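Dock chains R, F and E against the given chain Y, drawing on the hints supplied.
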Amino acid sequence: MTVTASELLAVQGSRQLRDDTTVFAGVGVPLLAAALAQQRHAPKLTMVIEGGIIGPRIKPGRLPISTNEMRAAYRAQMLPGITDTFLFAQRGFLDYGFMGGAQIDQHGNVNTSVLGPDYWKPKVRLPGTGGANDIASLCKEVIILTAHEKRRFVARVDFVTSPAWLDGGDSRRRAGLPFGGVSRVVTTLGVFGFDPETRRMRLDALHPGVTREQVREQTGFPLLEAPEISVTEPPTADELAMLRALDPERRFLG
Amino acid sequence: MTVTASELLAVQGSRQLRDDTTVFAGVGVPLLAAALAQQRHAPKLTMVIEGGIIGPRIKPGRLPISTNEMRAAYRAQMLPGITDTFLFAQRGFLDYGFMGGAQIDQHGNVNTSVLGPDYWKPKVRLPGTGGANDIASLCKEVIILTAHEKRRFVARVDFVTSPAWLDGGDSRRRAGLPFGGVSRVVTTLGVFGFDPETRRMRLDALHPGVTREQVREQTGFPLLEAPEISVTEPPTADELAMLRALDPERRFLG
Amino acid sequence: MGDPALRPAEWDFVAARRRLEAKPKSAGEKLTSIDDAAARVTEGDRVAVGGCLFSRTPLALVREILRARRRGLTLVRNLMCTEGELMMAAGAVERVMTAWMSIGLPWGVSKVMRHYVESGAVALEEWSHLALGLRFRAAAMGVPFLPALTMLGSDLVAVGGMKTVADPYSGETLAAVPALFPDVALLHVHRADRFGNSQIDGYPHMDADIARAAATVLVTTEELVTDDETRRHPDRTVIPGFLVDALVHVPFGSFPHECYGLYHADFDHFAEYTASIDARGPEAAVGEYLARYVYGPPTWDDYLELFGGERLARQRAAARELTA
Amino acid sequence: MGDPALRPAEWDFVAARRRLEAKPKSAGEKLTSIDDAAARVTEGDRVAVGGCLFSRTPLALVREILRARRRGLTLVRNLMCTEGELMMAAGAVERVMTAWMSIGLPWGVSKVMRHYVESGAVALEEWSHLALGLRFRAAAMGVPFLPALTMLGSDLVAVGGMKTVADPYSGETLAAVPALFPDVALLHVHRADRFGNSQIDGYPHMDADIARAAATVLVTTEELVTDDETRRHPDRTVIPGFLVDALVHVPFGSFPHECYGLYHADFDHFAEYTASIDARGPEAAVGEYLARYVYGPPTWDDYLELFGGERLARQRAAARELTA
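Chains as they are written, first to last, in our numbering: chain Y, 21 to 274; chain R, 21 to 274; chain F, 152 to 475; chain E, 152 to 475.
These are calculated hints, taken from the structure and not from any lab test. For clarity, every value in this text was computed on a predicted model and none was experimentally measured. Where is the CB? At the ideal position from N, CA and C, for every residue including glycine. Hints should not be assumed to be uniformly reliable.
[Said to hold, decoys possible] Here are some, though not all, of the chain Y residues that point toward chain F, as calculated from beta-carbon distances under 10 angstroms:
hint: 1; residue: Gly-101
hint: 2; residue: Asp-104
hint: 3; residue: Thr-105
hint: 4; residue: Phe-106
[Unchecked claim] As a list, the in silico EDC-like pairs of lysine to aspartate or glutamate whose alpha-carbon atoms are at most 20 angstroms apart:
hint: 5; chain 1: R; residue 1: Lys-143; chain 2: E; residue 2: Glu-269
hint: 6; chain 1: Y; residue 1: Lys-64; chain 2: E; residue 2: Glu-380
hint: 7; chain 1: F; residue 1: Lys-174; chain 2: R; residue 2: Asp-39
hint: 8; chain 1: E; residue 1: Lys-174; chain 2: Y; residue 2: Asp-40
hint: 9; chain 1: R; residue 1: Lys-141; chain 2: E; residue 2: Glu-269
hint: 10; chain 1: F; residue 1: Lys-262; chain 2: F; residue 2: Glu-439
hint: 11; chain 1: E; residue 1: Lys-262; chain 2: E; residue 2: Glu-434
hint: 12; chain 1: R; residue 1: Lys-79; chain 2: F; residue 2: Asp-378
hint: 13; chain 1: Y; residue 1: Lys-141; chain 2: F; residue 2: Glu-269
hint: 14; chain 1: E; residue 1: Lys-314; chain 2: F; residue 2: Asp-318
hint: 15; chain 1: Y; residue 1: Lys-143; chain 2: F; residue 2: Glu-269
hint: 16; chain 1: Y; residue 1: Lys-143; chain 2: F; residue 2: Asp-306
hint: 17; chain 1: Y; residue 1: Lys-79; chain 2: F; residue 2: Glu-472
hint: 18; chain 1: R; residue 1: Lys-170; chain 2: R; residue 2: Asp-224
hint: 19; chain 1: E; residue 1: Lys-174; chain 2: Y; residue 2: Asp-39
hint: 20; chain 1: Y; residue 1: Lys-64; chain 2: E; residue 2: Glu-180
hint: 21; chain 1: R; residue 1: Lys-141; chain 2: E; residue 2: Asp-306
hint: 22; chain 1: F; residue 1: Lys-174; chain 2: R; residue 2: Asp-40
hint: 23; chain 1: R; residue 1: Lys-64; chain 2: F; residue 2: Asp-379
hint: 24; chain 1: R; residue 1: Lys-64; chain 2: F; residue 2: Glu-172
hint: 25; chain 1: R; residue 1: Lys-64; chain 2: F; residue 2: Asp-378
hint: 26; chain 1: F; residue 1: Lys-174; chain 2: R; residue 2: Glu-161
hint: 27; chain 1: Y; residue 1: Lys-64; chain 2: E; residue 2: Glu-172
hint: 28; chain 1: R; residue 1: Lys-141; chain 2: E; residue 2: Glu-245
hint: 29; chain 1: R; residue 1: Lys-79; chain 2: E; residue 2: Glu-472
hint: 30; chain 1: Y; residue 1: Lys-64; chain 2: E; residue 2: Asp-379
hint: 31; chain 1: Y; residue 1: Lys-141; chain 2: F; residue 2: Glu-245
hint: 32; chain 1: Y; residue 1: Lys-141; chain 2: F; residue 2: Asp-306
hint: 33; chain 1: R; residue 1: Lys-79; chain 2: R; residue 2: Asp-258
hint: 34; chain 1: R; residue 1: Lys-64; chain 2: F; residue 2: Glu-180
hint: 35; chain 1: R; residue 1: Lys-143; chain 2: E; residue 2: Asp-306
hint: 36; chain 1: R; residue 1: Lys-64; chain 2: F; residue 2: Asp-396
hint: 37; chain 1: E; residue 1: Lys-174; chain 2: Y; residue 2: Glu-161
hint: 38; chain 1: R; residue 1: Lys-79; chain 2: F; residue 2: Glu-380
hint: 39; chain 1: Y; residue 1: Lys-79; chain 2: E; residue 2: Asp-379
hint: 40; chain 1: E; residue 1: Lys-314; chain 2: F; residue 2: Glu-323
Chain Y extracted, bound-state conformation (with noise of 0.2 angstroms):
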C-alpha cells in the first residue's frame, strides 16, 4: 500500500511534537497525528480538544468527526468548557497548536471565513474561524498541516481569519500578540517554515522524491529557502501500522 497524503502529513506532523507537552488538536489529521505521537515517543502528550476536553484517548476505529462528541471525550481526564480551555492556551499552559487551513498566505496568516473582497457580500462564505483564531493566537507555537496547492497558498489571504505573522516583522507583537505564532507548515511536499527576521515562509526540508520546483510551482509566492534544505525521512512501517490501526475505516486517511 502506498502513502496517502493524510498518511504522509499525520506522520510527519506526529514528528514535531515532543514529549511532556501538551497539543491543542483538530479533529481530522491532527488529532490523528497527535494520537501517533502519543504512542510512539510522546507519552506524556496531553491532548486537548476543542469542546472542551482534556487527555482523551483516542479508540481506534471510532475517531471523531467533530470537538463536540463523545467519541472526542473518550475516558478523558477533564472536560472544563470550552471557554476555560481556551483559557488554559491564554495563560500559556498549551504549547502547540495543530490546525489545517483552507487558504495561507506568506506570512502564515489563514482564512477560513471568506473568499472575495468584501466580507459583507462574500463570493463565498466558509464555515468560519471556530477556535482556529484563538489557537493561534494563544498557543506556544501553532503547526499547521495541509496539502500543498497553488489555490491555497497565496500571497496574501482576502481574510484574516487566524494571524500568524500578520505583514511580517514584528508586526504581529505590534498587534497586541506578544506570544506564539506559526512555527511549521507541513505540507504534502515538505516542510516550512518562517525567516526570524521577516517572517516570510522558508522551504526548510522536502519530502523524498519532491523537488524544489513542485514547490514553487504549487506555491503562489516567492519562497525563501534555508540555507540547508534538507530531506525528510520517510514515514516508517512501524508509524504506518500504528497509523493505519487507528483508523482502521480509513475515514481520515483517505
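Frame of chain Y, contents of chains R, F and E only:
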C-alpha cells in the same frame, strides 16, 4: 422569657425581606433572620452564603459559625465557588445584602479593618472586610443589623471598609458604584433609612418603648428624623417561637 | 445588514443589570409547558442557544419557537449546526453571531448557510470561539468587557467592531472583548428539579455563562427530579433555580443532536438531511424538512415518533458504550 | 512594609506566561514525598494557599514548609485561619494578602494576628474577598487585570494600590483588579490520580483558579486513585495533571481543619488552642504549639496520633452526617 437584643434584631431584620428574592447573608444573626423570613413569610427566598453556597436548608440546632463549613452548606442547592458567588451579586442576581458592622457612620459606611488613623500602623487591627465590601458594593440593597451603641455609631469611620453612601449626595455613583447602597440599618433601638438627597442617616421607626432621646444618646452624630416616626410591631409569639426553634442552644440569640 | 458597529444593548451592563433587578428571583415553581416557555421569546429578540454544534442543542425549544413563527431574531451560538439552518430557512433569523457554522467534517460546508448568507438574507457576524465565550462570560460577570489576547491583528476585529483597552498596570494593549447580554437563553440540561436547579453531565459547553448573561432563561431537561435529589449533589448544579424563568421536562429534547451519556447524535439523519439538500437545494429541502419535523407534529412526542423507538434505543446504546 | 504599591511581579502577565512556557507540562508521574514537595518553596516566595478559612486548608504542606524553616514568604489566602497564625508565629511570613483573618465567630478577633500586625512584624495587605478571587482569576486567565464593580470608593483601594480602567464601550469607570501570579500554590483535594488529575467535592473555594495562576503547583490528596477512576468522572476533575508539579497522598491532610464530606473541623481543638493563647499570650502559646505539632512529630502520621484515632473517627462521623 424577655426578648433579647439578638432576637429583636433577627425578627426586625427578617421582616425586611420580601418573598421571591435572594439574600446574601452573613452567619450569626443575619442568617437566622433570613431563615426566619423563609419559614414565616418568604418561602421562595433563596439564601446565599459567602463560602460559595446557594439555597442551604438551615438545620435547627446546627447553625454554622462560619460561611465555609458543612453546616452552612447543609442540603444546599448549589456550591458554585466563592468568586462565582460574588459574581452573582455583581451581575444583579442578589437582592439583599444582610450584614453586621463594627463601626458605622452617618452615611452608612462600615469599618471592619482598623481602628486608628494609619492603616499600616493600626491601633487595633480588626479581622478585615471578608466579603462585606463586595456585598456593600454589589447587592441591589444592603441591610445592616447591629447593636446600637455610641462607640459604633460614629460621624466618620476610621476606615471605609464597606462603602455605603461615602460622603453622601451622589458620591457613591461618582466613585464608580452605579448600583446598590445601604437602604436600612436595623438596630436594637429602631429602624433607620437615608435621606434620598443628602444620604445622611435618618430615624424612621423606633422599637416599642424606645425614645428619640435614647437613640440620640447612643449615636455619635446628628440624626435626621423622618416626618413621621413610626413604632415597630414587637416580635410576635409566632416569630419568637420559630426563631428560638432555629437556635435552641441560643448560640446566637444570647 | 453589514453594519459592523456593536449595538449598545449588547454591552450595556448598567441597563442589563437594571433589567435583572426589576425581575423576581424566585425559588418557586418553574415547571411549565413547552409552548408557554417558547412564548417568552418575542419578535426581534437576541437569542443565545446553549450546547455546542450538535451537542445538547435545545432543539425542542427551537422547534417550538419556529412553530410560534417568531421573526427578526438574532441568533447567538458559538458553533452553529442544523438548528441554525432551520432558523434561517424558516425566515426566523436575520442575523447570526457565531464562530463557525456547518454540521461537521463529513458533510462539508453548510449549503444552507452559504445560500442565506451569500444572498444577503442573513448577516453572519463572526467572532472567534474564545471571544464569543468571553462575551457571554463578561455578561455573566456583569461587566461590559473582558481583556484578552485573542482576535487581535485579525480581520475579525473589524467585523464585530471589537475595541482594545490599555492595561492600566503595564500599558500593554489588550483586546476588550465586549459583553453580550442576550434577551433570552435556550438551554437543555441533563436533570433539574421543579424549581429550576439544573445539572449537566459531561462537557458543560458555555451554558452556565449563558444562563447568567441572559435576561430570560428557558430550560428543557432530560430528567425531572425532586429537589432532594439535586440537593444530594449540590456540587453538580450549574444553574441555580432563582435565575430560571421556565422549565420544561423534555426527554430526548436535543434529538437528533446528542446529549452526553444519554444518546449519540444521529449521523444517519444528518446524512439523509444533507443528501436531500444536495438533491433539491436548501430552500426546497429544508422547507420540506420544516413541514415534516417542525410544523407537522403537534408535540415533541409526535416528533420523536418520526424517528421511532428503535432508532432512539440505538442512539442511547451508542452513548452508553462511550461513557460507561 | 507599609508600601502600598503593587509589585509588578504580581500582575506581569508576560513574564508569568514566559515562566510557564519554559516549564514542561507533562502528563507523567507526579507522586512524591511531602518533603520533596515542600522543598519547592523557596525563600521569599509568594505562596497562595487553597481552601478557605478552616476548610480544605493544605495543612500538611504548610507544616512541612515550616519544618523546612522557610523565611520571608508572602502568604496569599482569601480568608486566613490558624495556618496563617502558625506561619506568623514561626517567623516564616513577612506579608499576608487577605480579605479576613481570625478563626471564626466564637473565638473572636485573632490575638495572634493582632500581635504580629499591630507590632509591625507582619504587613497585612487587605483586599475584598471578591477582589482576591478576581486577582487569582485574572492570573488564571493570563491577563493583567479584570474589570469589576467592587472595592471602588472604599479605603481598600489605597491599601493595595488598585487602579481603575475606562470601559472602551460605555466610558464608565470600573475597578481594574490586578492579576496575582503566585510563585507556588498549595492545594489539598479529595482525590487525584498519580498524574495529578485532581477532583474536589463540595464547595470548590478558589482552588481551580489558584492552580492556573501559580508557576508551581503542589497538591496533597485525601485519596489516591487510578487514572481509570478519574477518567470515569472527567466532569469532576478541576485541576488537570499537566499543571501539577508534585502530588502527595496525605489522608486527613487538612486536619484539624475540615474536608467536605470526609471530616468536620475540630472546634474543640480550636477552643484549646485559643484558650492557651488567652492564657499565655500569642508568642509563648503558639511557640509551644509549633513545638508540639509542627517541629516535633517527624511525619504527618505522627502528627495525627497527637489527636488520636477516636477523635478522627468522631470528626469523620460528623461530616458524614451533614453530607449523607
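- For the pair we were handed, Lys-64/R and Asp-396/F, check the Cα-Cα distance against 20 angstroms. Holds, because 14 angstroms separates the two Cα atoms, which is no more than 20 angstroms.
- Query: Regarding the pair Lys-79/Y and Asp-379/E, is the alpha-carbon distance no greater than 20 angstroms?
  - Reply: Given pair Lys-79/Y, Asp-379/E holds - Cα atoms ~15 angstroms apart, limit 20 angstroms.
- Item | Pair hint outcome, Lys-64/R versus Glu-172/F [Cα-Cα no greater than 20 angstroms] | 17 angstroms, holds
- Message: Between the alpha carbons of Lys-64/R and Glu-180/F, is the straight-line distance 20 angstroms or under?
- Response: 9 angstroms, holds
- Can the restraint linking Lys-262/E and Glu-434/E be considered satisfied, given a maximum Cα separation of 20 angstroms? Satisfied, since the Cα-Cα distance of roughly 10 angstroms is no more than 20 angstroms.
- Hinted pair Lys-141/R and Asp-306/E, Cα distance within 20 angstroms: Cα-Cα ~15 angstroms, so holds.
- Task: Starting from Lys-314/E, check that the Cα of Asp-318/F is at most 20 angstroms away, please.
- Result: 10 angstroms, holds
- Message: Hint check: Lys-64/Y vs Glu-380/E, CA-CA at most 20 angstroms. Holds or violated?
- Response: The hint holds at about 19 angstroms.
- Message: Can you confirm whether the C-alpha distance between Lys-143/Y and Asp-306/F stays at or below 20 angstroms?
- Response: Measuring from Cα to Cα gives roughly 17 angstroms; hence the hint holds.
- Message: Tell me if the straight-line CA distance from Lys-141/Y to Glu-269/F falls inside 20 angstroms.
- Response: Satisfied, since the Cα-Cα distance of roughly 6 angstroms is no more than 20 angstroms.
- Message: Checking hints one by one. Is Asp-104/Y an interface residue toward chain F, by the C-beta closer than 10 angstroms rule?
- Response: OK, holds: Asp-104/Y within 10 angstroms of chain F, min 8 angstroms.
- Message: Tell me if the straight-line CA distance from Lys-174/E to Glu-161/Y falls inside 20 angstroms.
- Response: It holds: about 14 angstroms lies between the C-alpha atoms, which stays within 20 angstroms.
The structure fails none of the hints (numbered hints given earlier).
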